[in-house]
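Protein chains: 2
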Amino acid sequence: MAAPHYPERLAKLQALLKRRNISVFLVTHPANRRYLSGYTAADHDIQESSGVLLIPARGTPYLLTDSRFTLQAEEEAAGFTVREYAAGLMALLRKLLPELGAARLGFESHYVLHATAGKLVGLAGKLGVELVPQTGLVERLRIVKSEVEIDKIRAAVRLNEEVFARVYPAIKPGMSETAAALALEAAMREMGAESPSFETIVAFGANAAKPHAVPSSATLNRGDLVLVDMGLVLDGYCSDMSRTFVAGRPDPVYTDRHRVVRRAQLAAMETIRAGITCREVDLAARRIIREAGYGDFFGHALGHGVGINVHEAPRLSSRNRGKLRAGMVVTVEPGIYLPGWGGIRLENMVVVRETGCEVLNRDATFLDL
Amino acid sequence: MAAPHYPERLAKLQALLKRRNISVFLVTHPANRRYLSGYTAADHDIQESSGVLLIPARGTPYLLTDSRFTLQAEEEAAGFTVREYAAGLMALLRKLLPELGAARLGFESHYVLHATAGKLVGLAGKLGVELVPQTGLVERLRIVKSEVEIDKIRAAVRLNEEVFARVYPAIKPGMSETAAALALEAAMREMGAESPSFETIVAFGANAAKPHAVPSSATLNRGDLVLVDMGLVLDGYCSDMSRTFVAGRPDPVYTDRHRVVRRAQLAAMETIRAGITCREVDLAARRIIREAGYGDFFGHALGHGVGINVHEAPRLSSRNRGKLRAGMVVTVEPGIYLPGWGGIRLENMVVVRETGCEVLNRDATFLDL
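Those protein sequence lines, which keep their order, are chains A and B. For the first sequence, numbering that gives the first Met the number 0 gives the first residue as 0, with consecutive numbering after it. For the second sequence, numbering that gives the first Met the number 0 gives the first residue as 0, with consecutive numbering after it.
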């Protein structure tokens with residue numbers, strides 16, 4: 000059953016294709032594929048596609064896949080003609096492109112391998128088709144979320160908070176990072192999430208100085224700081240949330256640094272509204288951290304968009320001069336990372352609105368020491 | 000600490016580079032990166048790299064990453080000079096390539112995006128460097144496993160069997176596919192696996208007609224068949240195993256089909272030895288299934304290599320005329336999939352030896368009805 004938004008998304012994309020004079024567009028990015036068709040299969044990795052969409056500027060679109068996925072594709076992608084590529088994708092394209100009268104074939108330059116593009120070039124040459132590399136055409140549609148999508152993201156964030164609240168009391172001295180990460184992921188699944196949206200990070204003490212720490216067998220000692228970065232997928236949409244706290248009573252050094260990060264987060268959120276540049280939001284947080292003397296210890300961007308993918312556009316970085324638009328959903332996650340000591344990151348998700356931002360998180364635990 | 004095999008692998012690759020007159024080689028594939036350097040960071044996806052290797056044909060290799068991963072890279076990749084790309088990879092390459100005197104820059108065509116390759120072309124033009132796309136250079140080293148690697152894979156297979164044996168008694172009428180998959184993944188982690196090597200498949204009855212079924216909330220009824228396809232990662236190496244059985248007493252139709260699949264598996268394993276083509280092994284299994292009247296219902300290839308990646312070369316398919324070599328590790332996984340009825344897949348892993356094959360699985364439960 001196609002939910003009513005699939006035809007609407009397809010119509011928007013087809014309008015874009017006509018405007019760019021692209022006769023047929025090949026969609027290889029799994030999240031774009033899902034967004035347009037409702038087909039939920041995941042790719043194990045880019046070298047193992049579970050299918051592509053072939054979308055003419057006019058008329059019925061195709062979903063091309065192999066025999067492992069045909070049944071699922073037919074069940075999920077109503078409105079798409081499902082075709083199997085038994086002899087490989089290129090052989091099927093060779094047959095379909097002339098049928099569709101393709102003169103200009105668009106493809107996703109940011110999600111097609113150089114080797115695959117080479118094969119497309121060969122095929123296009125044989126068929127007399129012009130290849131038109133595109134970047135972010137479908138992502139441009141996905142970047143602004145509908146209220147239906149925002150409701151789904153809100154639900155994912157709420158579930159994330161419930162999972163964290165349930166597991167938090169069990170994170171005690173003697174527990175390992177791995178055990179804590181495992182407990183969070185098990186609770187996600189038990190409480191109804193489809194899966195984690197990325198590998199859960201739990202880092203104690205100095206291990207938290209790595210922003211992308213991998214949980215180890217190290218165990219928690221009283222007084223250690225604990226950094227948790229976790230996300231889940233619910234109904235196809237992601238959450239992403241970081242919390243940092245101390246096992247026991249925080250010392251003044253910790254408290255001071257925690258407050259700096261929280262102030263940076265609040266300062267950034269105060270700037271967020273439609274029309275502001277991503278750069279300005281990043282710099283609002285960065286300024287607070289720099290003025291507190293930690294400017295060299297906040298090495299990553301302030302945040303990123305979240306939707307079907309846990310990391311998508313826009314990027315809230317000091318180099319992005321693009322403007323926020325109402326309906327975008329972004330993380331706000333300043334951090335301070337000090338080698339040998341540890342790290343603090345506080346991450347909430349917000350919706351950009353015309354005159355401000357809506358914070359999707361309710362849980363303010365540990366944020367205001 | 001570099002284990003002694005890293006320098007050896009690097010020396011083999013550098014010899015290959017010299018032979019091809021490649022002055023510097025850019026390694027972007029995460030498994031190749033890990034194989035050569037010991038750096039274990041994973042990529043969330045191809046658009047979010049956690050680093051690349053830059054390997055000159057002579058001298059010390061570099062690991063290039065961003066501030067999130069510098070500490071981990073320095074800890075893990077002994078023998079590599081770690082450099083941070085604060086202003087992006089292209090900016091750092093622009094600085095390093097002339098320092099290294101790069102005349103011909105090789106890159107992994109099968110794991111570089113078309114858009115990224117476009118940037119490399121621009122950079123190479125500016126620097127007067129010739130770009131040399133490569134496919135599978137490091138994979139060629141990885142395809143034959145050392146005995147140390149085979150020991151790790153054997154341990155992963157054994158742990159996989161122990162996990163399955165522990166959870167199997169709990170898979171009973173009333174349990175959902177999702178709950179069974181969750182129980183298997185939780186047991187993996189508890190029993191010491193790093194992670195699943197792919198999303199665990201549990202499919203009941205007709206849902207098993209999809210070779211890549213996604214676990215649903217459907218519950219098990221007495222008499223249903225159960226297809227489990229699971230794998231785990233232990234010490235960086237993968238396992239992959241499928242079992243099919245019946246909740247209760249199998250009926251004669253099930254038993255007959257199960258025996259066909261098992262005979263196909265045994266026939267394939269009997270052919271495996273160094274020097275035989277992948278095609279011949281696939282056809283040995285396919286012949287049995289075809290003769291039993293199910294030729295149209297075995298749509299996928301017979302097997303694939305397993306190592307750092309759960310799917311790697313060689314592919315045991317009817318189209319692959321490449322020869323097996325001693326030390327390759329492959330799955331043997333024939334199946335029959337009948338829409339409306341269900342599917343049966345039996346999957347073991349074997350090591351190719353000079354005169355035959357070594358079956359890595361010990362567990363023969365359910366295989367001989």
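Simulated from the structure, these hints should not be mistaken for laboratory data. Do not take every clue at face value.
[Stated by the list, open to error] Residues on chain B that point at chain A, a partial pick, calculated with CB under 8 Å:
no. : residue
1   : Gln46
2   : Leu91
3   : Lys94
4   : His109
5   : Ala185
6   : Met190
7   : Phe197
Fair warning: this is a prediction, and the values are worked out from it, not measured in the lab. We put the beta carbon where it would ideally sit given N, CA and C, even for glycine.
*Check each numbered hint against the structure and report the violated ones by number, ascending.*
2, 3 and 6
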